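Protein chains: 2
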Amino acid sequence: MDKSIFYHAGCPVCVSAEHGIINLLGEDKVEVVHFGSNKSRISEAENAGVKSVPALVTPNGNVLHINFGASMANVKG
Amino acid sequence: MDKSIFYHAGCPVCVSAEHGIINLLGEDKVEVVHFGSNKSRISEAENAGVKSVPALVTPNGNVLHINFGASMANVKG
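Order-wise, the sequence lines are chains A and B.
So the first sequence is residues 1 to 77, counted in the numbering used here.
So the second sequence is residues 1 to 77, counted in the numbering used here.
Be a bit skeptical, because a hint or two may be false.
To be verified - Here are some chain B residues the structure puts well away from chain A; computed CB gaps all over 10 Å:
{"no.": "1", "residue": "GLY10"}
{"no.": "2", "residue": "PRO12"}
{"no.": "3", "residue": "GLU27"}
{"no.": "4", "residue": "ASP28"}
{"no.": "5", "residue": "ARG41"}
{"no.": "6", "residue": "GLU44"}
{"no.": "7", "residue": "LYS76"}
Claimed, not checked - Across the chosen pairs, the derived CB separations fall in these ranges:
{"no.": "8", "chain 1": "B", "residue 1": "ALA48", "chain 2": "A", "residue 2": "GLU46", "range": "41 to 49 Å"}
{"no.": "9", "chain 1": "A", "residue 1": "ARG41", "chain 2": "B", "residue 2": "ARG41", "range": "32 to 40 Å"}
{"no.": "10", "chain 1": "B", "residue 1": "GLY77", "chain 2": "A", "residue 2": "SER43", "range": "38 to 46 Å"}
{"no.": "11", "chain 1": "A", "residue 1": "LYS51", "chain 2": "B", "residue 2": "PRO59", "range": "35 to 43 Å"}
{"no.": "12", "chain 1": "B", "residue 1": "ASN74", "chain 2": "A", "residue 2": "ASN74", "range": "37 to 45 Å"}
{"no.": "13", "chain 1": "B", "residue 1": "GLU27", "chain 2": "A", "residue 2": "ASP28", "range": "19 to 27 Å"}
{"no.": "14", "chain 1": "A", "residue 1": "ALA48", "chain 2": "B", "residue 2": "GLY26", "range": "18 to 26 Å"}
{"no.": "15", "chain 1": "A", "residue 1": "ASP28", "chain 2": "B", "residue 2": "GLU31", "range": "21 to 29 Å"}
{"no.": "16", "chain 1": "A", "residue 1": "SER43", "chain 2": "B", "residue 2": "VAL32", "range": "43 to 51 Å"}
No wet-lab data here; the hints were simulated from the structure.
For clarity, every value in this text was computed on a predicted model and none was experimentally measured.
Beta carbons: idealized from backbone N, C-alpha and C, even for Gly.
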């Protein structure tokens with residue numbers, strides 16, 4: 001994969017981080033996944049190592065938890 | 001400024017995040033500041049809104065705290 005994936009859950013912290021990341025990397029370099037509308041991808045994110053949102057998984061699999069919006073336990077609620 | 005600034009304190013979490021960020025953005029787009037060798041820049045980082053390290057301050061002033069290595073209180077020791 002050549003895109004990073006930005007996982008979030010629509011929280012204010014997430015939205016702010018999303019703007020920062022997209023400004024930084026460019027919209028075409030980031031796939032944005034909102035768990036609210038895409039619950040099926042929660043397990044994919046957990047397998048990648050995502051512990052909280054917002055998080056960015058880079059093309060080489062590095063997981064960057066950016067600021068802190070909510071834990072994955074909250075996301076699964 | 002057109003570069004992002006990555007502030008860190010040499011902790012393992014910092015080093016791992018540094019690699020991720022540099023892979024992602026490119027070495028020429030990131031200034032790396034290590035507080036251990038650059039204590040004079042702690043106040044600059046705090047003024048920018050950095051609360052913990054590692055953190056990335058983007059060219060437009062967005063502060064992204066990436067994972068969690070240490071609080072600024074720990075950094076100032």
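Status of the hints after comparison with the structure:
At the 10 Å boundary, the C-beta of GLY10 (chain B) stays outside the reach of chain A, the nearest C-beta of that chain being 18 Å off. Every CB of chain A is more than 10 Å from the CB of PRO12 (chain B) (nearest about 14 Å), matching its label as outside the interface. Interface exclusion of GLU27 (chain B) from chain A stands, the closest Cβ pair being 15 Å apart, more than 10 Å. Against the 10 Å criterion, ASP28 (chain B) stays outside the reach of chain A, whose nearest CB is about 14 Å from its own CB.
At the 10 Å boundary, the C-beta of ARG41 (chain B) stays outside the reach of chain A, the nearest C-beta of that chain being 21 Å off. Every beta carbon of chain A lies more than 10 Å from that of GLU44 (chain B), the smallest distance being close to 19 Å; the non-interface claim holds. The claim that LYS76 (chain B) is not at the interface with chain A holds, since no C-beta of that chain comes within 10 Å of its own (minimum 21 Å). Taking 41 to 49 Å as the suggested C-beta distance range, the pair ALA48 (chain B) and GLU46 (chain A) does not conform, at roughly 32 Å.
At about 39 Å, the beta-carbon gap between ARG41 (chain A) and ARG41 (chain B) stays in the expected band of 32 to 40 Å. The given range of 38 to 46 Å is respected by GLY77 (chain B) and SER43 (chain A), whose C-beta atoms sit roughly 41 Å from each other. A hinted range of 35 to 43 Å is violated for the C-beta pair LYS51 (chain A) and PRO59 (chain B), which are about 28 Å apart. Roughly 26 Å separates the CB atoms of ASN74 (chain B) and ASN74 (chain A), a value that falls outside the hinted 37 to 45 Å.
The hint said 19 to 27 Å for the Cβ distance between GLU27 (chain B) and ASP28 (chain A), and at roughly 21 Å that hint holds. Look at ALA48 (chain A) against GLY26 (chain B): about 23 Å separates their beta carbons, and that is inside 18 to 26 Å. Taken as a hint, the range 21 to 29 Å holds for the pair ASP28 (chain A) and GLU31 (chain B), whose Cβ atoms sit roughly 25 Å apart. For SER43 (chain A) and VAL32 (chain B), the Cβ-Cβ distance of about 35 Å falls outside the hinted range of 43 to 51 Å, so the restraint is violated.
Consistency note: the structure conflicts with the earlier hints numbered 8, 11, 12 and 16.
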